[in-house]
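Q: From first to last, the protein sequence lines stand for chains B and V. Position in the first sequence counted from 1, then plus 1, gives you our numbering. Position in the second sequence counted from 1, then plus 127, gives you our numbering.
It is worth saying that the hints were derived from the structure and are not from the lab. Careful: at least some of the hints might be erroneous.
[What the hints assert, rightly or not] Per the computed footprint, the stretches of chain V lying under chain B, defined by three or more beta-carbons under 8 angstroms from a beta-carbon of chain B, are:
(1) 198-210
(2) 323-333
(3) 390-397
(4) 407-414
[Stated by the list, open to error] 25 angstroms max Cα-Cα, derived PhoX-like pairs, lysine-lysine:
(5) B:Lys-251 <-> B:Lys-164
(6) B:Lys-164 <-> B:Lys-247
(7) V:Lys-283 <-> V:Lys-342
(8) V:Lys-380 <-> V:Lys-419
(9) V:Lys-201 <-> V:Lys-271
(10) V:Lys-258 <-> V:Lys-309
(11) B:Lys-247 <-> V:Lys-397
(12) B:Lys-85 <-> B:Lys-251
(13) V:Lys-264 <-> B:Lys-164
(14) V:Lys-283 <-> V:Lys-309
(15) V:Lys-380 <-> V:Lys-416
(16) V:Lys-258 <-> V:Lys-201
(17) V:Lys-419 <-> B:Lys-20
(18) V:Lys-264 <-> B:Lys-20
(19) V:Lys-349 <-> B:Lys-251
(20) V:Lys-397 <-> V:Lys-380
(21) B:Lys-85 <-> B:Lys-164
(22) V:Lys-258 <-> V:Lys-283
(23) V:Lys-201 <-> V:Lys-264
(24) V:Lys-383 <-> V:Lys-416
(25) B:Lys-85 <-> V:Lys-309
(26) V:Lys-271 <-> V:Lys-258
(27) V:Lys-271 <-> B:Lys-20
(28) V:Lys-139 <-> V:Lys-349
(29) B:Lys-247 <-> V:Lys-342
(30) V:Lys-419 <-> V:Lys-397
(31) V:Lys-264 <-> B:Lys-85
Backbone N, C-alpha and C fix where the C-beta goes; we use that ideal spot for every residue, glycine too.
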Amino acid sequence: MNIRGFYTLFCKELLRFYKVAVQTILAPVITALLYLLVFSHVLKEHIEVYPDVSYTAFLIPGLIMMAVIQNSFANSSSSLIQSKYTGNILFILLPPLSYLEFYLAFMAAAVVRGVAVGTGVLLTSLFFVDLPLHSMLYLLLFGIMSSATLGSMGIIAGIWADKFDHLAGFQNFVIMPLSFLSGVFYSIHSLPDIWQTASHFNPFFYMIDGFRYSFFGQSDVDPLFSLSVVSLFLLILASTAMWILKSGYKLRN
Amino acid sequence: MKSQESIAITIKGVQKHFGQVHALRGIDLEIRRGEFFGLLGPNGAGKSTLINTIAGLTRADVGQISVMGYDVAKQYRMARRCIGIVPQELVYDSFFNVREMLRLQAGYFGCGHENHNWIEELLDVLMLHDKADTNVKALSGGMKRRVLVAMALVHKPDVVVLDEPTAGVDVELRQSLWEFIKRLHNEGHTIVLTTHYLEEAESLCDRIAILGEGKIIALDSKQGLLDRGVNHVQLVTLTTEDPIQDIPAQLSKNIKQHNGSELVLQLNQKTDNIIDLLDAVRNTGAIIKTIKTSEADLEDVFMEITNNGRLT
Ligand SMILES: Nc1ncnc2c1ncn2[C@@H]1O[C@H](COP(=O)(O)OP(=O)(O)O)[C@@H](O)[C@H]1O
Ligand SMILES: [Mg+2]
């Protein structure tokens, strides 16, 4: 293992978003808070999803997870497409870094970005509403595994995309709809049957539902089941990302 | 075993396609340790592709490459530690300043704090010290090139490969860059240089390979190539009163272009005599109106080499 090489690449990926933290951390936190203010204000009279849980409180875990999902994906994918576009990707293709070290560095940096934004949303929303904590373990598991999953997906998309447009398309037509339609703003039990069924095929739904469980101890599906789905999804995306890196697809051609 | 130890880069039967483009058509080459090796060829000949394949930036379709005895695919970690690449494009990362870029690059190669002195030394000798805290984006083309040279050296590689390092660099900077590269060579580094300037290679390289359309069309010591008359090729463009009908046989090997009353002759100053050639033209009864001579470019040199069948 080239541990130091991995660690340097990881630090470089951290610095890359840290240097523009206003854009990469502050902006998404503010976006999430705006959603919180608007939706909780408009909908709080009408919906009570779980007994003894206010709608505002219900909303927060979903908004956190949505921010985690979008930012973890954005971190690895935009870093890779920028490096490919400017050509400076060769700085990390020339050194003795294995595909595993490469993958882990990008994935771990995406996790840090996702967790940083998620923590930001969580801490600021505590000013507005009291949140219970049911299980710290589930909170960490769902938070980290979801960001690792999206970090891996970002690596795949960043390598695959030839243009910024491709990436924007992926973001607008895959990540955004799936994260909005995953029960951030509602319980899927309030949906018509067909949409309930459809939601069960959306992996983001399990991330949000399981994450919500870690606060309230209540959820639409069994959190262990959600955890298994998220693990499986992570496994598939992580191995795909590593396989692509190993093959040299688009990067070493 | 002995001969293995004296070889810096071994290239065996390397082929590379980009879709329909056959960029490398079977390259066999050995570059010795401590050598100053020139890789010449016109644009599109495949020089960068060959370098990128050595560096592991692209993978060969067929064939094998090793650097300092390490296979670039199977023993890529060792192979990459032994080589430093200065890429053709002036790439940089606009998130970082010069010193940060160098430290990051060293880190990827597994070097830590113990390497920081070396980085300061590199900043010194490449005259980058007062730019060390400047974002690379703000530097001139020549300075960016120096940063790339420094980046290629952060891990103290045995072999240093420079892909057209003087493209887009002003004369003064070019001169000091050469001094620096010569110094690296004198310190025992193997140097591989690509260029499409003949003089550049001539003044620096011990041995030169000429690449054309993905194949090595000449490989010789500098002296060997000079003896072939590579640097004596000249073009003579004649216009005549009336179109020339019959080209005398004596001229046939020198004709590069014939277009009615315009005739372009290619001649080797060593073996051909311009007066004889002009006489041959006049003997056809043609009246010469204008004569223009020009230095041949590398492509003419290739023609010279290939046409005259001096390839072995
Ligand atoms: N990434 C690529 N994709 C497609 N074609 C390429 C690529 N890189 C090089 N080529 C083609 O391969 C040939 C050799 O290019 P190159 O190695 O850059 O030549 P040189 O460096 O000698 O100018 C050219 O025809 C070029 O168009
Ligand atoms: Mg080139």
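Q: CA of Lys-164 (chain B) to CA of Lys-247 (chain B), is that 25 angstroms or under?
A: Since the Cα atoms of Lys-164 (chain B) and Lys-247 (chain B) sit roughly 22 angstroms apart, the hinted pair holds (cutoff 25 angstroms).
Q: Between Lys-283 (chain V) and Lys-309 (chain V), is the straight-line Cα distance small enough, at 25 angstroms or below?
A: Satisfied, since the Cα-Cα distance of roughly 16 angstroms is no more than 25 angstroms.
Q: Hey, Lys-283 (chain V) versus Lys-342 (chain V), does the alpha-carbon distance stay inside 25 angstroms?
A: violated (31 angstroms)
Q: Does Lys-283 (chain V) sit within 25 angstroms of Lys-258 (chain V), going by the straight-line distance between their CA atoms?
A: holds (22 angstroms)
Q: Given the proposed pairing of Lys-85 (chain B) with Lys-164 (chain B), does the C-alpha separation stay at or below 25 angstroms?
A: holds (9 angstroms)
Q: Taking beta carbons only, do three or more residues of the stretch 198-210 of chain V come closer than 8 angstroms to chain B?
A: Since three or more residues must qualify, the claim that chain B covers the stretch 198-210 of chain V holds, with 5 doing so at under 8 angstroms.
Q: Between the alpha carbons of Lys-264 (chain V) and Lys-85 (chain B), is the straight-line distance 25 angstroms or under?
A: holds (17 angstroms)
Q: Against the 25 angstroms threshold, does the CA-CA distance of Lys-247 (chain B) and Lys-397 (chain V) hold or violate the hint?
A: violated (54 angstroms)
Q: So if I understand the rule, the pair passes when the alpha-carbon distance is 25 angstroms or less; does Lys-264 (chain V) with Lys-164 (chain B) pass?
A: holds (22 angstroms)
Q: Are the Cα atoms of Lys-247 (chain B) and Lys-342 (chain V) separated by 25 angstroms or less?
A: Violated: Lys-247 (chain B) and Lys-342 (chain V) sit about 29 angstroms apart, past 25 angstroms.
Q: Against the 25 angstroms threshold, does the CA-CA distance of Lys-380 (chain V) and Lys-419 (chain V) hold or violate the hint?
A: holds (19 angstroms)
Q: Below or equal to 25 angstroms on CA atoms is what counts here, so check Lys-380 (chain V) against Lys-416 (chain V).
A: Distance ~23 angstroms between Lys-380 (chain V) and Lys-416 (chain V) Cα, so the pair holds.
In the structure shown, a violation is registered for the earlier hints numbered 2, 3, 4, 7, 9, 11, 16, 17, 19, 23, 25 and 29, in ascending order.
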